[in-house]
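Novice: Spelled out from the first residue to the last, the chains are:
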Amino acid sequence: MEKFLNKDGKVIVLNLVKTIQENKDYLSEVDGLIGDGDHGINMNKGFTICGERLKDADADLSESLKTLGRVLLTEIGGSMGPLYGTFFNRMARSCKDEPEINRDVFKKMINEALAGVSELGNAKRGDKTLMDVLIPATEAYNKAIEENRSFKEALLAMKEAAREGMESTRDMVARVGRASRLGERSRGVLDAGSVSCNLLIASLADSMIALLAN
Amino acid sequence: MEKFLNKDGKVIVLNLVKTIQENKDYLSEVDGLIGDGDHGINMNKGFTICGERLKDADADLSESLKTLGRVLLTEIGGSMGPLYGTFFNRMARSCKDEPEINRDVFKKMINEALAGVSELGNAKRGDKTLMDVLIPATEAYNKAIEENRSFKEALLAMKEAAREGMESTRDMVARVGRASRLGERSRGVLDAGSVSCNLLIASLADSMIALLAN
Amino acid sequence: MQRIINKPDMVVEDMLKGFVKAHDDIVMPTSNPRVLKYKDAPVKGKVGVVTGGGSGHKPAFIGYIGKNLCDAVAVGEIFSSPTAQAFYDAFREADSGKGVACLYGNYAGDNMNVKMAIELAADDGIEVKTVVANDDVASAPKEERHKRRGVAGEVFMWKIGGAKAALGGSLDEVIAAAQKAIDNTRSVGIGLTPCTIPAVGHPNFEIKPGTMEVGIGHHGEPGVEVCEIKTADEMAKMMVDIVVPDLPFVEGDEVAVIVSGLGATPVMELYILYNKIEELLAEKGIKVYKSFVGNYFTSLEMMGATFTAMKLDDELKELLDLECNSMGLKVFGK
Amino acid sequence: MQRIINKPDMVVEDMLKGFVKAHDDIVMPTSNPRVLKYKDAPVKGKVGVVTGGGSGHKPAFIGYIGKNLCDAVAVGEIFSSPTAQAFYDAFREADSGKGVACLYGNYAGDNMNVKMAIELAADDGIEVKTVVANDDVASAPKEERHKRRGVAGEVFMWKIGGAKAALGGSLDEVIAAAQKAIDNTRSVGIGLTPCTIPAVGHPNFEIKPGTMEVGIGHHGEPGVEVCEIKTADEMAKMMVDIVVPDLPFVEGDEVAVIVSGLGATPVMELYILYNKIEELLAEKGIKVYKSFVGNYFTSLEMMGATFTAMKLDDELKELLDLECNSMGLKVFGK
Ligand SMILES: Nc1ncnc2c1ncn2[C@@H]1O[C@H](COP(=O)(O)OP(=O)(O)O)[C@@H](O)[C@H]1O
Ligand SMILES: Nc1ncnc2c1ncn2[C@@H]1O[C@H](COP(=O)(O)OP(=O)(O)O)[C@@H](O)[C@H]1O
Ligand SMILES: [Mg+2]
Ligand SMILES: [Mg+2]
Ligand SMILES: [Mg+2]
Ligand SMILES: [Mg+2]
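Protein chains in written order, with the working numbering: chain A, 1 to 214; chain B, 1001 to 1214; chain C, 2001 to 2334; chain D, 3001 to 3334.
Think of the hints as simulated: they come from the structure by calculation, not from any bench. Worth double-checking, as some hints may not be accurate.
Lysine to aspartate or glutamate pairs mimicking DMTMM-like chemistry, simulated, CA-CA at most 25 Å apart [what the hints assert, rightly or not]:
#	chain 1	residue 1	chain 2	residue 2
1	C	K2039	D	D3246
2	C	K2330	D	D3040
3	A	K108	A	D8
4	D	K3230	D	D3246
5	D	K3115	B	E1063
6	C	K2021	D	E3323
7	C	K2007	D	D3241
8	C	K2147	C	D2124
9	D	K3007	B	E1063
10	D	K3007	C	E2225
11	D	K3129	D	E3119
12	C	K2334	D	D3025
13	D	K3039	C	E2318
14	C	K2129	A	E119
15	D	K3290	C	D2024
Simulated DEER-style distance windows between Cβ atoms [as the list claims (entries may be wrong)]:
#	chain 1	residue 1	chain 2	residue 2	range
16	C	G2210	A	K108	39 to 47 Å
17	D	E3013	C	K2230	12 to 20 Å
18	D	K3330	C	P2029	33 to 41 Å
Glycine included, C-beta positions come from ideal geometry on N, C-alpha and C.
So here's chain A without its partners, still in its complex pose:
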């Protein structure tokens, strides 16, 4: 069965950090169209601090995710801190006692994470938020596992669904957050949170696929 070791998983989080850092300006730019243009700044701040903290640390995947979640809760206010903070904390908790990460462990991780974010943020599909990425991505992963496809295939399905989910926000009218002020005028551009969420999901999938190949 496909799997990798929890203790080898720090790289997954380091890649998340790199992804956000590389897309900082792009995220702010997207947020600037119908939000206040700070999404890249907010995300970069927390992820960079996490990167610093992990750099020389001896941490497994669970500890690395926990560090990320904690930093986000400590360093980013607004909604992003608690939402992404909860996302990564829940992921960390779901694999804490697992020496190996396989497709069932990750299923628990992503579903627990989605549940935490959903409970906290209360946003629905179609509200034009990161939930429009997170929900379909998780569903696609679950469906692939149900169909007994491989871990890698399930991750690829999750990644593809995230991308589609992000694209789907373009046609939505925001019902939550700052952009909801614009009503119809919020249609036609991507939601910033769904862009960052898609990047994070894609990075998670790519990193894990690379670890599986080792």
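Model the placement of chains B, C and D with the ligands on the given structure of chain A, informed by the hints.
Specialist: Showing chains B, C and D with the ligands alone in chain A's frame:
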């Protein structure tokens, strides 16, 4: 000798009121170019109240001038109230005990009035204020009397000098009041106070000449 | 941007440094740079009173730290909720063992961060209870009051909660008093110009010159109506007509009133507005017991004003009249 | 104009009505609609303290009526001196037989109207002495200090004069204390945006976006320099470099400081400015004994700030610390 009766002089003040009322908008317009555009409003407020008060009053020239002076002091703040208030108060005081107004009495009136304004406002010729009307007008009147010209001729000389004085402010750079902020940019337009002062001097001269003809 | 700032990302840090220097007779920094506390906090034997919120609303929130008011405040970025950590640290700074009343405004970010902070505090054995201000009438219909935002009425919530705590109230009593305050409070705002977050550099939303937005929120959240700009008297009438029927305030009521500027409106104009508001209330038989006119809860350099009314009873009057001393609110005892 | 007004000509009337309603615990109207007085004035046995000036500077001038501050204030049109009559009536309302200290700012119109009012009062046997504030360093060179305008330093003049009168000082003692206050006080302002007088309807003067005017007056009077807009820290340095050498303030001095907004600058930014000012003063060995950061003397909706410093001795400290209660300034006694 040319003269008219103090007790017939109320009309002189009523004409001053009319003059300011008719030129209210023009005065504000001139003030708007390099000042704050309220000179007509300020002047009209005081003069109109004075007009109301004099309408049914049995007042001679001295009492009418005193009413005007008092109202300006009571109703107009800023610099205009005390300056024009003093101007008319001093005129009133200088003819209080004179049953008849002749060229010597008026000489005392205009010179006392100028002295009061000058002492209070401390503006010099060339500062681009109403003093650029008041000083040459008074000097022209004095000179005509010295040359032993008639009351009427002296009033006409005063009126002409006032007009020239007003015109002379066009080329000046303001050194006093709001317009001094503009420095060189205050050149090229008339000073609002000198416009009102010229109107008042001309009205005084015309009214007295008319009384002399009766 | 015609503003007095250094690095746009650092406005909150720079402001906090200046604030602590200017008010060292009232406030103290803590180990968390995003938490300020009352210099005597935790006050022995007293329930701790905590609030927090995004920056840019001065005097809110740190301006209400002080004697008989708030004990600790969590500070967010401009218009953005403080972190869960900051709320948690504020709880710790305020708690003397009697528990903490967290009195804050109903915004998504604040709700989430307070919720997470309470979990953290529970692990430490600190009891935290909350009152969530929702005085902004225009932000949701009456049936959905729980969705309404908190605006300038929060000042009354802090004043009343702070006074109850100062008089020795238990945590439940403090919560009850603050909840009563906010339940009896209604607000509405009118926006005349937008504002610019320094790190963003351009206005966050638009209000066209010649128009005004009735019911606008403190961060430019949409109101109930955009219309041509009206006279002060007409604005007063619109505000009174939104606020009074909602509670409703009725003949014979006594109220406390806040007319707060949004930041850049000359205070002179707030008195012009208050003049008519008081008159309209008097016409309805509603008596103003105490009024606060000035900049009590602002939005950077937005122009406009908010009107807040709180219906009083004897308890609320006594708590309102208690002496307090903070940067934003000073009341001399009777 | 995005403003809260009714008839532009009536803003002062409307504002006064609202002000009297909101502060009836402190002020009272008088028979002259352009004069407000402290509710207990004339205070028996106390020298009367009077000021006055154009409107649009809130809290100045009426916001400084109150306990241990001013007893009566003459109110002018926007940015225009009150009438001589109003000053005269203010003298009468303030005088308890001990004489009146008229503490006002150095402007042509005010000088003239006060002068005429003193003549009127002399006829009634009311003794009036004056202190003319001239704290604005940028308005004239040091050799011509008598030409300088009065700006936010007037607040210290009123605080000190009001306290001296409250403590039973004679007219000469009150005048001496207020004169000492202003002689030890220096101010400078930086303007970032102009303002619009409602009755005029367009800005009175220009400050180009991206530039700032150093040394600007409270009515847009020209400053000493127009330059590109600087960081808050650089503004602080420019202000300190203008104010400190003028008195001069020297190592070992203790000072009271006012950092006042001009009306529309967010108060947050005043703390950013104060943070650096305090640091620069500390570097020079000058200690801030007490600071006042906020909107203390404004110019309608102008953006910008003023910095004021007063050098203290024991007498000034004692007078500064005395309790006072007004809309614009509340100090709790020690
Ligand atoms: N309740 C919520 N649930 C899920 N996502 C949310 C929620 N509220 C906001 N978001 C996401 O947050 C993003 C904005 O993040 P960011 O720009 O960092 O914060 P802010 O809006 O405070 O400036 C939005 O694009 C949206 O995807
Ligand atoms: N010290 C002074 N002496 C003589 N005239 C003066 C003086 N100061 C101002 N003025 C006159 O006042 C006029 C402006 O009057 P007005 O517009 O009514 O007042 P304000 O400048 O306060 O708006 C100027 O045009 C000038 O002629
Ligand atoms: Mg933001
Ligand atoms: Mg954003
Ligand atoms: Mg004027
Ligand atoms: Mg004018």
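Novice: Next step is simple, just say for each hint if it's right about the structure.
Specialist: Each hint, compared with the structure:
1. Restraint check for K2039 (chain C) and D3246 (chain D): the C-alpha separation of about 36 Å exceeds 25 Å, so the hint is violated.
2. In summary, the hint linking K2330 (chain C) to D3040 (chain D) is supported, as the alpha carbons are separated by about 21 Å, within the 25 Å threshold.
3. For the suggested pair K108 (chain A) and D8 (chain A), the alpha carbons sit about 19 Å apart, so the restraint of at most 25 Å is met.
4. Proximity of K3230 (chain D) to D3246 (chain D) is assessed by CA-CA distance (about 22 Å); at most 25 Å being required, the pair is judged to hold.
5. Annotation: proposed proximity of K3115 (chain D) to E1063 (chain B) holds, straight-line Cα distance about 23 Å (limit 25 Å).
6. Note on K2021 (chain C) and E3323 (chain D): the hinted pairing holds, with a Cα-Cα distance of about 21 Å set against a maximum of 25 Å.
7. Straight-line distance between C-alpha atoms of K2007 (chain C) and D3241 (chain D) comes to about 22 Å, which keeps the hinted pair within the 25 Å bound.
8. Using a Cα cut-off of 25 Å, the hinted pair K2147 (chain C) and D2124 (chain C) is violated, with the two alpha carbons roughly 31 Å apart.
9. For a cut-off of 25 Å, the pair hint linking K3007 (chain D) to E1063 (chain B) is broken: about 35 Å separates their Cα positions.
10. Between the alpha carbons of K3007 (chain D) and E2225 (chain C) the distance comes to roughly 24 Å, so the proposed pair stays at or under 25 Å and holds.
11. At roughly 11 Å between alpha-carbon atoms, K3129 (chain D) and E3119 (chain D) fall within 25 Å of each other, so this suggested pair holds.
12. A hinted pair counts as satisfied when its Cα atoms are at most 25 Å apart, and K2334 (chain C) with D3025 (chain D) qualifies at roughly 11 Å.
13. Among the hinted pairs, K3039 (chain D) with E2318 (chain C) is consistent with the structure: their alpha-carbon atoms are about 24 Å apart, no more than 25 Å.
14. Note on K2129 (chain C) and E119 (chain A): the hinted pairing holds, with a Cα-Cα distance of about 20 Å set against a maximum of 25 Å.
15. A distance of roughly 10 Å separates the Cα atoms of K3290 (chain D) and D2024 (chain C); the hinted pair therefore holds under the 25 Å criterion.
16. A hinted range of 39 to 47 Å for the beta carbons of G2210 (chain C) and K108 (chain A) is inconsistent with their spacing of about 58 Å.
17. At about 19 Å, the CB distance of E3013 (chain D) to K2230 (chain C) agrees with the hint of 12 to 20 Å.
18. Distance hint check for K3330 (chain D) and P2029 (chain C): the Cβ-Cβ separation is about 24 Å, which falls outside the suggested range of 33 to 41 Å.
Violated hints for the displayed structure, listed by number in ascending order: 1, 8, 9, 16, 18.
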